[in-house]
Amino acid sequence: MDLVSKLAPALVGKGKPPIEPDEVWALGNPEARSRLLNGEKRTLVDSFDPDEPDSHNDETLTFGSETGFRGAPEGTSPQIDITGGMGAGGLSIVSEGVPGHKGMTFAAEAVSDYWRLPPAVYTSLGLHPQDTVFIPVQGDSMYPTLEEGDVVVVDTRHRWPSPDGIYAILDEIGGLVVKRLEVAQENGENVIRIISDNTRHRIKEKRPDDVFIVGRVLRRFGVIK
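The letter at position 83 of the sequence shown is residue 83 when you use UniProt numbering, and the numbering goes up by one with no holes.
Hint data in this document are derived by calculation from the structure and do not stem from the laboratory.
Here a beta-carbon is modelled for each residue, glycine too, at the ideal position from N, C-alpha and C.
Don't take each hint at face value.
[What the hints assert, rightly or not] Derived Cβ-Cβ restraints for the label pairs, each shown as a range:
| no. | residue 1 | residue 2 | range |
| --- | --- | --- | --- |
| 1 | K225 | R202 | 24 to 30 angstroms |
| 2 | I19 | H101 | 43 to 49 angstroms |
| 3 | D140 | E189 | 31 to 37 angstroms |
Build the full structure now, drawing on both the sequences and the hints.
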């Protein structure tokens with residue numbers, strides 16, 4: 001096929017009648033050659049439709065930091081692997097999206113599984129599957145609001161802590177954590193208070209530029225007590 005791709009520019013349009021592109025490509029495609037011999041014609045538009053899925057099964061689509069959401073089951077949302085998927089540099093994000101409009105895309109190695117919710121549930125939350133991420137809760141910092149083992153539903157389009165509430169953020173070393181955020185004024189400037197509902201953990205304050213918000217927590221899956 002590499003040889004055919006080199007020959008095509010030199011041959012197409014030459015001769016009488018002019019050589020057509022699909023006649024050249026038939027040199028490297030036995031199936032196409034058979035169709036031509038039987039009098040069938042296939043246009044270039046018919047032979048390549050970017051909206052159609054690839055006919056081959058490339059398993060590498062689901063791995064690697066540049067794959068993003070490719071390879072994800074249709075209509076699903078990723079669950080982040082908050083332990084094995086972090087790596088030395090923290091959570092790997094392929095695309096930060098457009099705050100307020102388009103959610104984040106995470107590297108495949110950061111994804112442990114996928115959730116598929118009924119479309120009506122996404123609609124009730126005002127979400128699309130590709131803008132949603134599921135994050136398991138670890139530790140006791142948000143107890144009793146959230147407990148270890150809970151899974152929270154996060155809207156990755158919501159990147160500014162307004163209104164005050166619970167958000168997923170990156171900590172100082174790039175790890176993914178869930179905290180309560182409040183915007184306050186200090187010396188005439190906005191600061192974000194990072195709060196753990198468990199009072200044993202201290203409150204932190206940071207400038208907005210120093211807080212990387214992954215998204216707002218909208219719901220949780222957990223045990224009813």
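Failing hints, ascending? Violated hints: none; all satisfied.
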